[in-house]
Amino acid sequence: MDFFTGTVVSNRVISEKCHLMKVETEKVLDYKPGQFIMVRGWKGFDPLLPRPFAIYNWREEEGRPILSFVFKVVGRGTSILSGLREGDRVQVNGPLGNGFSPPEGKERFILAGGGIGFSAVLPVARSLVDSGKDVRVLLGARTAGEIPRIGYVEEADRDHLLITTDDGSFGEKGIVTDFLERELEEVGEKERTLLFACGPPRMLKKVQELAERFGIETYLSLENYMACGFGVCLGCVVDRRTEEGIIRVRVCREGPIFRSSEVEIYD
Amino acid sequence: MIDLSVQIGKSRFKNPVFTASGTFGYGLEFSVFYDISQLGAVTVKGLSLEPVPGNPGPRIFETPSGMLNAIGLQNVGVREFVRSYLPRLRELGATVIANVYGKTEEEYASVAAILDEAEGVEAVELNISCPNVKEGGIAFGANPLLAHNVVSAVRKATEKTLIVKLSPNVTDITEIAVAVEEAGADSVSLINTLLGMVIDVERKRAVLGSTTGGLSGPAIKPVALRMVYQVSKKVKIPVIGIGGIMTYRDALEFFLAGATAIQVGTANFVNPLSALNILKDLEKYFEDEGIESLSQYVGSLAEVES
Ligand SMILES: Cc1cc2nc3c(=O)[nH]c(=O)nc-3n(C[C@H](O)[C@H](O)[C@H](O)COP(=O)(O)OP(=O)(O)OC[C@H]3O[C@@H](n4cnc5c(N)ncnc54)[C@H](O)[C@@H]3O)c2cc1C
Ligand SMILES: Cc1cc2nc3c(=O)[nH]c(=O)nc-3n(C[C@H](O)[C@H](O)[C@H](O)COP(=O)(O)O)c2cc1C
Ligand code: FES
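Protein chains in written order, with this note's numbering: chain A, 1 to 267; chain B, 1 to 306.
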């Protein structure tokens, strides 16, 4: 974890409401897929708090350490970020959170992302593919305009990546969790399979239900509202079931990735 | 270099820049970013006799130039703090103020008594002002008699420097300040958060899980400053200013209004280096302005004759 100022090198529109921002940093910090950063890209104190975003990539690109993240414009902070240009400065804190490490004995991975949830799903998918695992990705969007035009999505073949839209304007027509259900019906070796999902609360609730019904070990990446992002405000907690009963744990520190069976999702 | 040290009760703090309870965890997280022993003091999250799970979510929400929180005083309990966290804070060389919260007078006193014996706690700060718990907290802070009684009880339980943290959610904060001074407080700190609310229009319901929450950040600074100014005129004990301090200039305003020291809260979330930056900028400012002692600067507000 480090706190620093980086310089925007590009801020590309990748879908109707999403941008891919690349920031030059002093060095590449080790991170795990599924970890996130807190970002502020404006002066003064309104908006006040930094905003959390999943790390999309952090690596050398043409000899420069480049941190990239994907964001959807939903409010004031992300609107300001969408207007940043090459050379603008952003304040970054990270990498934060636990990130994803595949448990022993899993060979087949099914990853599902709803809406902007792809921003946490794709880095996890990439690292699993790189380590030679069998990976299937399902991404759901409302409509074609929301599909991100980024390398990973454009280059993937259909066996690896399935895209669904609610209105059928791209890929399969329907809701991503319906396709996930079909996928799970066909899973042979349940013990060796792992399901990972990130998306809006309603989708995660459905994934929890499927996880339980099919008896597949499942992890969810949560996106609770955050103030500090590094464990000091206790603002981001989720109810976690333990042997001693329910305890409230910090999504920014003990998460954002939790075992599906442990956490209570509120819509 | 100017001597920034300040005397509060029995304690000599090396400088007047402290952190505010609930915004600095148990201090340890910040040691990744800087050496926290440089600060005048770090105030840890409110401690109670038994661990508290806190409120259900959502607990926080940003508002114009501020934020609302309804954490509900989630904490590990005073014993666990003394066992597991305090030794690490001591290793880091931090000057520790332990913030205390109880449901009853007895509970406040018990927590203070445990801290009294703990090595490495410089001062105790009584939170009689938390707006986010149903019982206790605010009840003590809103009534001069109850405030007096709880402070008297705690005064008997600890020899340590005793700071009492006041609530702004009262009609006349100076009345409470005077009551706790009479009961033996060494200092008052103010303000805690202002009670507020946000509503989600689409869902027609309050955004926070506990409906209301405490407002902090730049939005509350003018209110905090006014209260520090009023209280400083009424009590003889040192006043610690809190509320929306983001930069050294904010801190200067509080010193001019009469604060002996300040606490940095919400700013820690915005930039984890905030408290340290404020300290360094203050040192530079006093140096540049040729101000030789902080005590000469404190309360030196020019009064306009009316
Ligand atoms: C660990 C984590 C990782 C995230 N990763 C990404 C990512 O990779 N890409 C991305 O686009 N978004 C991500 N988010 C969500 C993102 O942080 C919010 O969309 C963003 O903070 C909104 O800021 P704003 O100022 O534009 O919106 P605001 O003006 O603050 O709010 C606008 C609307 O967005 C909602 N909102 C605000 N904060 C959040 C939040 N934390 N989660 C969900 N809704 C929120 C508000 O309730 C409000 O309705 C992530 C959130 C978390 C906690
Ligand atoms: C998330 C959060 C948690 C807090 N928890 C406590 C607490 O446990 N005890 C306490 O006395 N004050 C608590 N406070 C109040 C702060 O210490 C401080 O009085 C208040 O936030 C105003 O200062 P600021 O505007 O600089 O944040 C909390 C504030 C915030 C924002
Ligand atoms: S966001 Fe502050 S503790 Fe998680």
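Bear in mind the hints are in silico, worked out from the structure with no lab data behind them. Among the clues, some could well be false.
To be verified - Now the stretches of chain A that chain B is said to cover, found in silico as 3 or more residues with beta-carbon under 8 Å:
(1) 7-18
(2) 171-178
(3) 207-213
Said to hold, decoys possible - Among the chain B residues that face chain A by a calculated CB cut under 8 Å, a handful are:
(4) Ile60
(5) Ile71
(6) Pro87
(7) Ala302
Said to hold, decoys possible - Calculated cross-link-like contacts (lysine-lysine; reagent style BS3-like; alpha-carbon spacing at most 27 Å):
(8) B/Lys204 with A/Lys72
(9) B/Lys204 with A/Lys43
(10) A/Lys43 with B/Lys280
(11) A/Lys205 with B/Lys204
All C-beta atoms in this analysis are idealised placements derived from N, C-alpha and C, irrespective of residue type, glycine included.
Here is what the structure says about each hint:
1. Coverage of a stretch by a chain is defined here by at least three residues with a beta carbon nearer than 8 Å to that chain's beta carbons; for the stretch 7-18 of chain A and chain B the count is 0, and the condition is violated.
2. A count of 0 residues in the stretch 171-178 of chain A with a Cβ less than 8 Å from any Cβ of chain B is obtained; the coverage claim is therefore unmet, three being the minimum.
3. Evaluation of the coverage hint for the stretch 207-213 of chain A: breached, as 0 residues show C-beta separations to chain B shorter than 8 Å, against a requirement of three.
4. The interface hint given for B/Ile60 holds, since its Cβ lies 4 Å from the closest Cβ of chain A, which is under the 8 Å cut-off.
5. A least Cβ separation of about 5 Å between B/Ile71 and chain A falls short of the 8 Å threshold, and the interface hint therefore holds.
6. Using the Cβ-Cβ criterion of 8 Å, the hint placing B/Pro87 at the interface with chain A is not satisfied: the shortest such distance is roughly 19 Å.
7. Taken as an interface hint, B/Ala302 does not check out: its beta carbon lies about 27 Å from the nearest beta carbon of chain A, beyond 8 Å.
8. Between the alpha carbons of B/Lys204 and A/Lys72 the distance comes to roughly 25 Å, so the proposed pair stays at or under 27 Å and holds.
9. This hinted pair does not check out: B/Lys204 and A/Lys43 have alpha carbons roughly 33 Å apart, beyond 27 Å.
10. As the CA atoms of A/Lys43 and B/Lys280 are separated by approximately 20 Å, the hinted pair is consistent with the 27 Å bound.
11. For the hint linking A/Lys205 to B/Lys204, the alpha-carbon distance of about 22 Å falls within 27 Å, and the restraint holds.
Of the numbered hints given earlier, the model fails hints 1, 2, 3, 6, 7 and 9; all others are met.
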